[in-house]
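Q: In order, the protein sequence lines correspond to chains A and B. So for the first sequence, the working numbering puts the first residue at 1; every next one is plus one. So for the second sequence, the working numbering puts the first residue at 338; every next one is plus one.
Careful: at least some of the hints might be erroneous.
[As the list claims (entries may be wrong)] Taking lysine-lysine and the DSSO-like style, the derived pairs with C-alpha atoms no more than 27 Å apart in a straight line are:
#	chain 1	residue 1	chain 2	residue 2
1	B	480	B	464
2	B	378	A	328
3	B	378	A	196
4	A	117	A	260
5	B	654	A	144
[Stated by the list, open to error] Computed list of chain A residues with no C-beta within reach of chain B, every gap over 12 Å:
#	residue
6	74
7	117
8	308
Source of the hints: derived by calculation from the structure; they are not laboratory data. The model shown is predicted, which means the values in this text are computed figures rather than measured ones. Beta carbons: idealized from backbone N, C-alpha and C, even for Gly.
Residues per chain are reported as follows:
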Amino acid sequence: MKKALFIMLFAFAALSAVMAQAAAEEDVLTVYSYDSFASDWGPAGKLIPAFEEETGIKVNLVSAGDGVEMISRVELEGEDTNADVILGVTDDFAYRAYPYIESYESPVLSDIPDELKFDPENRLIPFDYGAFAFVWDSECGLDKPKSLSDLTDSQYENKVILIDPRTSSVGLGLLLWTYNIYGDGEEFESWWKAMKDNALTIADGWSSAYGLFTEGEAPIVLSYTTSPVYHVMNDNTTRYQAIVFPEGHEATIEGIGIVKGTDKREEAEKFVDFILTEAQIDIAVANSMYPVNSSIELPDAFDWAPKPDVLFRSGATDPAKVEELQTKWLEIMTEIN
Amino acid sequence: MKRNRATFYTLNALPGILILVVLFLIPLFFTFSYAFHDNGKALVEIFKDEYTYRLLVFTLEEALLSALISTLIAIPLASFFSKYTFPLRRTVLTLSGLSFTIPSILVVLGFVIWYGNNGLLNAFLMKITGRDYTTLQILYSFKAIILAHVYLNFPIAFLLITNAWTEMPDTPEKAAYTLGAGRARTFIHVTLPRLTPAVLSAFILIFLFCFSSFSIILVLGGNPAYSTFETEIYRRVNINVNREEAAALSIFAFFITSVMLIITSRGRKNQRATRKEKTLEKAKGKTLVVAFLLILLILLFILPPMLSIIYRAFYTKAGDFTLRAWNDIAKGSTGLMSTAMSGIINSFLIALLSSLLSVYFGSRIALASAKRNSRILPVISSMPMATGSVTLGLGFSFLAATVGHDSIYFSYILVIAAHLTIILPFAVRTITPGAKMIPDSLAAASYTLGVSAFRTMRKVEKPILSPYKRKAFAFAFALSLGEVNATLTLSDGHVSTLPILIYRMISSYNYQGAAALGTLLLAEALIVFAIGEGGRKHAIS
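Okay, chain B solo, but in the shape it has when bound (with noise of 0.2 Å):
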């Protein structure tokens, strides 16, 4: 009886397991293949060159720094958030999600108009200092590489572990408190390893995405020392166009990748949590000060680079306000606007059924890992992240040209899925600390009044989810949202999504059309973060 417990919990992962395998481990084998041919000679080239270990060397550097530093400053703002209620502070977390769905392209735009050396901060502090030069020689550093990923994936750490302290009842805490223990004893020893896996789920996360990260880094870092694999796997794929190296290396930095997925995807199981949710403390007096200080500092973070691009959007270079971005888009020659209307229209259709699918893969891939104990569970699903993008375009580059069809409703099919093998892993990701807070006793319960395990899993355990499942929507919404390289590898260019039009408009030099796309993209984003908010409980179940 046990036993098929487990089983149904296994079954009813099996779908979203077996889209990951169809669409991303296998044509993952094929380019993978290429390393061996030769008798894996490109395999052992990569391993004997020094070159690969001083990559190796630089990118764990800036992935694990940026994943400490991400955490770091997301625990105390999270231990607030999920303390205290006060008002602006959904709007807060909204927004945070925001900068997923912009194209790093125009993420550098941004960063560049609000932190460059000839940007907004440092004319402003120009005004303010009275001198003609720049002030603050932020970027073109390794600094302004942290810098920008912390920016992007600072959200991701605040979010995780907001929601999973949120939803982590208190009473141990105070239990802890009436014992005479101080309040960072009972953090180390009572909080901490509760919070735990959230905490690791968000540092695995932020270290997979800066791991595989290029664009930002040889931009803003300014120097070539600052390169990483993915830079290499780039080149070799791009621009020298060996697939054997190429190939080599991408199995190199997937190792590497999947040993820190094993190493962090230690089951831990908790028996302590209960299904009564912490009920949070009204911000009042001092505290509520606090809160509007931590709010001001958060957006003062996270806004100026998105709006920066809002600017850039309206006004030149010189400070004119100007209206032709958006003429440019209503009424180009090609009728533009047209365009631009299905691009609106095809990211979001795209974004909202590869993140409802998302979501719903994601829920059973959670909870049957957190009822087996699984190990292995989390770690293939997981794998799409560490692959990195460049390897992941070659792989669908692989199977555009395998499946070789000519309906532009079986692009939309494939661009669907390939979204969702992408966003699968942070639906797992963000959905599996809740399942794991599941206690086991709440189902044996259910079963020892003769419920059946299907209906024990909706009644009893996925309301439990919800709240984690929203997050994972709209986690999922936005990076789909952004997405660009599969979606034009796997759709022929018929289908045209808002940050792919972002590209093309500026490689036709049209930046400032580029910042209005992104506005648009921005805005719908934020529609739909507000719409999902605004239906709280039941929106997605």
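Bound-form chain A, shown alone (with noise of 0.2 Å):
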């Protein structure tokens, strides 16, 4: 018992010594994002340092959890959230925080592309996006799919890792992208049911899916355009290639917002330029996704990310339809044929 005692109060010792250095300060502006953003990992690692020293504002950056996450949390802390800028609301959760937001008609809104601009009363402003695709190892023997429908082809019969539109927002967005491309009638169906048969398994998200991938299990998986760059950046090889279909592809957009009320608006409007300028290069690789800016020059690597031509931006669609095409997947997948 005294052992045990003795145990808890130098394990308590030794957690202060460790808290002690990261000691909460008074006057900081507080950024709310998801956590693959806030950590040493992520773009804050190099970002928040340097806006700190350019502008002298200190920043403290909550991470609060994945990006639905930090949303809820929003709407349960309401008007007493200490939160002055939310960072990485994707285009189709921005309903629900357009009620905790202002409007910012920020001076660098001009270097961004309007079809990129999902909210028009810039409450919530893109600071990067993404297109889902298909990513395939060039090496595997296969014929390159060359267009969505091409997937259904007897030949990848358990080639293709696909990830759940129940739990991932990847799946989801592959799920929105062939409605937009086939409606919700007979070649919805029909795609699906092919795919029954050329899925080796579905995935709960994308990392047990890109892992799966990476592993060998499956040539095909779904992921974003811009994953091969990692492999360029990090493996050196241009085995694994991003596919674009000419039906096109679907975008996810990530924005920033200040949230209404705050008493640190004029610091929040300089993170908000600070991301949209200096830190778009920093995120685009660490996230790999695009930057927004269009006047930013991205490293080699992203030559590996092929630009779509066409982009579904579903990020509007009704969460009703969201639910009625997610019952309707369900009925096609456990239907027994």
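Fit chain to chain and form the complex, with the hints in mind.
A: So, in structure tokens, the structure goes:
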């Protein structure tokens, strides 16, 4: 008993020492973001110190889980929220963030292509975007699929790794993608029916799907057009390539917004401008996304991230419609042939 | 006087119960209250929807099957391990607790690297048979789900049952043999009834775990028809953002798991036990050969997926040796080494504190429930297990939003408290069979000698519990080490533990780096287990 108490006291002491180095400060700009952005691995590790040094504004970056959890938290906190800025709301969940954020006519807006601005009132300003795509192993010996409907060919039986639209935003992206191309009628149904045979598995999220892909379980995986960039930059290989389909691709856009009623409006504006200018390259590389600012020059590795000619922006799809599509999808996929 | 003693045990358990109520029940009730918005419209719809019942059937099927198979495999093994002593016995028991520490994403990866169609096992088989196609198609089927669940959970049954059986004196069995009863009859009529609390405990723990599993089911099952409640709850929380329906589904699932808990919590009290421990026989000759065969079998089952993760930390998919993942950790441009170091330290300290606390509170709750023959205490303390991680996460995020704090110090305390809530059920469940074996006569003798209830608990009852507490500590430590969601939600991302770093590595495409961090995690758990076993008798008392 005494020993246990001793160990506990010791551990508490050690913990306090660890914690001491990270004491919270008074006058700071509080930014909510999703976890992979806020981590030292993510863009924040480099960007926040740079911003603090340049402007003298201290930033408290709060990682509020994933994108959805972040909005949920703002909703739960309501007017009492500590957040001055929220970063990383995707266009499909934007409607939930709107009640809590205010417009900002940033001078940088003119550098952002109009088709990316999903909020006409500029409450959420896009800062990066990506397009869902199938990535394939070009050395797998199969023919390269040239269109979305090519994937239903029987030579791809058990060769494709898909992601569940009920548990993953990437999976949902594919569902809306097929909806945009085929509608919700027969074509939609027959595409998914064929994919029942061609899908090796339908993973719960992007992480496990892509892990299966890199382990060589199947040569084709649902991911982003930008995925090959990592392999070029870090593995020095162009073996894994994103395929651009002529039918078009589903896009996902991430936005940043200033919280309504913040008393740090000026600082918040500076932060938003910083994210839209100097931070663009670092964010693009770390997130594997495209920058929105058209004046940005990307590293060469991004040559392997082909930009689709046609982009669908389903962010505005009615939540009820999304649910209807999911139900339909589930019926198709669980129906016994 | 007698009543006073019972009150003493209850009071003793109170702090632990209080923590559960504040940290778990209150946020949970707030979460559940969403289901009753709009006159409980969501709840009615869930009850009317036929799909809910389809989910229920599948979820029950996979959870019951996983729990049944795990316990059935564990019983014969436990019977051997609780009878004989032989070299490596403790090592095997320790190793089997390791699987808890690995975050589910790495379990999936480990499985794929080992059992995958393009995995090491198949590569090996192809080499032997000279065939150039996948010989063993294991993954992406219902049996893969069960295999993975048994892999993850069989150690629970193995450890709990072996532990209980070892502490159980074999005098009744000897008496039965003397009276001419056969082995089978003795086992069914003499051994099994006394073993039941431990077997049931293991069964229900595994059942609850598998009931709320979903990543493994979706990825390894390979078919959306294999969906559990948790999949749907996750969808309602994270994709469709319908808190009312999520809460309604959670209540439905919670109701079912609670019923299971109540059914299996029958207070069966054993008066026959004595303090005398069974002495293990030394395995010789034929038994020694059997022992080694069993060890080989167990190791062949539990080690490969873990070794696969370690293998991947050093070798690329093509089979080339590389230290790149380790270099990434050691000297990345943003000082990853310091991040990894603080991850190791954070993980260790949080796991150590929360598991010590869980054993401290858990043993008190276990004693109180055994003394009072209470059915409600084990149920209350198991509730966090019955809730499922998504619902728990929702509750914790509610808590985080309500507390709204700025201090990192407070973050740590919240995280430790949350870990405590999550692992406390384990501690209680592990210790309860031990507490039930303490005969009342022992305490009565002590009271007759004029010893107070407090002293009796400390000097007489606690020492009997200590082997159970050791196991509970190991479980709790391993579980806390692998925890991700609560840590993230409650610390605003300011507390980085190893599993969190693993997820971050993966989200930046670095699977090999994740495997390297996973290796560190396993190493850390192994070292702590080894130290715990080294200190045997009095390490945690």
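Q: Against each hint, give a clear statement of whether it holds in the structure.
A: Each hint, compared with the structure:
With a CA separation close to 25 Å, the supplied pair residue 480 of chain B and residue 464 of chain B stays within the 27 Å bound. Taking the CA atoms of residue 378 of chain B and residue 328 of chain A, the gap is about 23 Å. The hint holds against a cut of 27 Å. Of the supplied pair hints, the one linking residue 378 of chain B and residue 196 of chain A is violated, its CA atoms being roughly 34 Å apart against a limit of 27 Å. Taking the CA atoms of residue 117 of chain A and residue 260 of chain A, the gap is near 20 Å; set against the 27 Å cutoff, the hint holds.
Taking the CA atoms of residue 654 of chain B and residue 144 of chain A, the gap is near 22 Å; set against the 27 Å cutoff, the hint holds. With a cut of 12 Å on Cβ distances, residue 74 of chain A falls inside the contact zone with chain B, its closest approach being about 9 Å. Distance to chain B confirms residue 117 of chain A as a non-interface residue, since its nearest Cβ pair spans about 23 Å, more than 12 Å. Non-interface call for residue 308 of chain A relative to chain B: holds, since the shortest CB-CB distance, roughly 21 Å, exceeds 12 Å.
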